[in-house]
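There are 2 protein chains.
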Amino acid sequence: MTTEFLVQQIHKKQSFLCIGLDTDLDKIPSYLLYEEDPIFAFNKAIIDATHHLCVAYKPNTAFYEAYGIKGWQALEKTIQYLNKNYPEIFTIADAKRGDIGNTSTRYAKAFFEDLEFDSVTIAPYMGKDSVEPFLAFEGKHTILLALTSNEGAYDFQTQKIEGKELYKSVLETSQTYKHAENLMYVVGATKATFLTEIRQLVPNSFLLVPGVGAQGGSLKEVCQYGMNQQVGLLINSSRGIIYASNGKNFAEAAAESAKKIQIQMQKELTNLV
Amino acid sequence: MTTEFLVQQIHKKQSFLCIGLDTDLDKIPSYLLYEEDPIFAFNKAIIDATHHLCVAYKPNTAFYEAYGIKGWQALEKTIQYLNKNYPEIFTIADAKRGDIGNTSTRYAKAFFEDLEFDSVTIAPYMGKDSVEPFLAFEGKHTILLALTSNEGAYDFQTQKIEGKELYKSVLETSQTYKHAENLMYVVGATKATFLTEIRQLVPNSFLLVPGVGAQGGSLKEVCQYGMNQQVGLLINSSRGIIYASNGKNFAEAAAESAKKIQIQMQKELTNLV
Chain A
230 MTTEFLVQQI HKKQSFLCIG LDTDLDKIPS YLLYEEDPIF AFNKAIIDAT
280 HHLCVAYKPN TAFYEAYGIK GWQALEKTIQ YLNKNYPEIF TIADAKRGDI
330 GNTSTRYAKA FFEDLEFDSV TIAPYMGKDS VEPFLAFEGK HTILLALTSN
380 EGAYDFQTQK IEGKELYKSV LETSQTYKHA ENLMYVVGAT KATFLTEIRQ
430 LVPNSFLLVP GVGAQGGSLK EVCQYGMNQQ VGLLINSSRG IIYASNGKNF
480 AEAAAESAKK IQIQMQKELT NLV
Chain B
230 MTTEFLVQQI HKKQSFLCIG LDTDLDKIPS YLLYEEDPIF AFNKAIIDAT
280 HHLCVAYKPN TAFYEAYGIK GWQALEKTIQ YLNKNYPEIF TIADAKRGDI
330 GNTSTRYAKA FFEDLEFDSV TIAPYMGKDS VEPFLAFEGK HTILLALTSN
380 EGAYDFQTQK IEGKELYKSV LETSQTYKHA ENLMYVVGAT KATFLTEIRQ
430 LVPNSFLLVP GVGAQGGSLK EVCQYGMNQQ VGLLINSSRG IIYASNGKNF
480 AEAAAESAKK IQIQMQKELT NLV
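Sequence order for the protein chains is A and B. Okay, so the first sequence: first residue is 230 according to the numbering used here, each after it adds one. Okay, so the second sequence: first residue is 230 according to the numbering used here, each after it adds one.
Treat the hints as calculated values from the structure; they're not laboratory data. There may be inaccurate statements among the hints.
Copies of one chain are not kept apart here, so a pair can be met inside one copy or by any two copies together.
[Unchecked claim] Subject to a maximum C-alpha distance of 25 Å in a straight line, what follows is the list of computed DSS-like cross-link-like pairs (lysine-lysine):
1. K256 x K338
2. K369 x K242
3. K338 x K299
4. K338 x K407
5. K306 x K338
6. K488 x K477
7. K242 x K393
8. K313 x K299
9. K313 x K241
10. K299 x K273
11. K449 x K389
12. K313 x K369
13. K306 x K389
14. K496 x K393
All chains should be modelled from the sequences, with the hints used to inform the complete structure.
Laid out in structure tokens, this is it:
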């Protein structure tokens with residue numbers, strides 16, 4: 230999917246919401262456990278109920294790997310279902326992968342070719358030759374971890390390298406990589422005020438912002454500091470939407486929860502124009 | 230597996246070799262492609278032929294994920310085969326995972342509980358709360374990326390944070406994490422002279438050293454600078470061993486190649502005493 234198409238979808242749906250499919254058998258309605266594939270059954274219901282309110286879905290691979298082969302089958306079915314029924318949706322494999330060159334190519338093929346995700350999240354620690362194999366895929370997007378929303382982000386990401394924080398070095402250095410136009414960045418919303426400086430370094434890049442909701446970020450602030458003329462933001466919410474209820478009405482409750490965020494986003498988009 | 234048991238095995242086998250199972254359908258003998266599970270058939274043959282010459286096997290998950298469900302099945306079968314037939318072997322899931330707390334716990338369960346690996350490689354970028362969920366598993370080992378053997382290592386890992394390289398900050402900071410006794414580190418062998426300083430920071434930790442062989446590191450130098458009184462080294466070779474031949478004799482050729490390294494290791498162990 231091109232970035233232009235994604236921007237069109239944002240304007241069409243008046244939403245830049247990404248819904249995180251962190252599907253956990255301990256948290257989904259218990260009656261779904263009688264389904265042949267409870268994870269997929271849950272995801273399908275959530276997707277069918279919310280697809281008009283969001284522009285992206287982001288399954289975190291950890292939740293699928295935790296269930297072994299069955300988990301991977303559920304992930305496969307979920308992405309196939311999305312690509313077949315909602316091809317206008319931007320899909321993100323939240324995998325946080327990264328390895329040396331030829332091995333990164335394997336991961337890239339797994340997520341871009343086999344599973345046909347539009348994008349994948351990548352850890353920057355191993356540098357250029359661990360990231361470029363992902364960037365080489367045309368029409369695909371590599372979402373690099375820059376500043377994450379967890380406490381551990383202060384261990385290394387905000388430490389200063391010659392006067393400049395590591396995450397800023399990641400932003401700047403990665404912009405020199407081949408096919409850097411295919412880069413997006415993960416920027417944690419719990420540090421919304423950091424967004425001003427981030428926007429100076431990567432004015433045109435899309436930012437995937439987790440941490441609005443359960444992790445405590447504010448949508449308004451994120452938009453104030455992070456939006457650019459192409460919107461440039463995908464804001465993720467996982468638990469706050471998909472676990473809005475664990476009763477029979479879970480999908481409707483998820484839609485209601487997503488709708489609330491979409492309405493706020495509509496306001497923010499009005500400010501843009 | 231305890232570190233003490235691993236050290237015993239090293240002395241018993243006179244080897245601290247780890248064999249990387251980076252199994253690639255394009256590189257294995259073509260007649261194996263007629264097997265029901267070519268990846269597992271290849272791994273099984275390699276393991277049966279080399280298990281007495283090494284103390285560890287390290288499948289890199291990228292090679293398995295690249296084949297989707299079938300790849301994961303092959304990985305599952307490989308670890309089950311190892312645990313059943315060669316329980317004295319130290320097993321490493323080279324997965325380079327890392328995510329926020331509750332999500333890291335998912336990965337830890339996937340690799341430590343479901344697949345029953347002894348250890349997993351982890352990327353440090355997200356800091357403390359992305360690493361500690363792995364460290365919490367008793368009898369399991371978390372192998373943190375410190376200094377990798379690829380060119381991209383110079384992008385961030387060797388950059389100086391207040392006068393000290395990032396990878397050193399990773400070593401020092403991670404030693405303050407809860408259950409740091411369960412930490413090992415990845416240190417690329419192409420930078421063997423860096424090992425002196427690394428040993429000052431983590432004198433007692435085991436180091437997993439990739440890059441001997443295909444990536445050009447020297448075993449002798451690595452031992453000179455990196456060995457400690459408990460040996461403290463696992464040296465990995467992947468392609469140089471498993472693809473020593475792609476004919477019918479591939480397993481014997483792998484064993485010959487492993488034997489050569491084991492003989493060198495025996496010499497180095499003699500120097501230790």
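Could you tell me which of the hints above the structure violates, numbers in ascending order?
7, 11, 13 and 14
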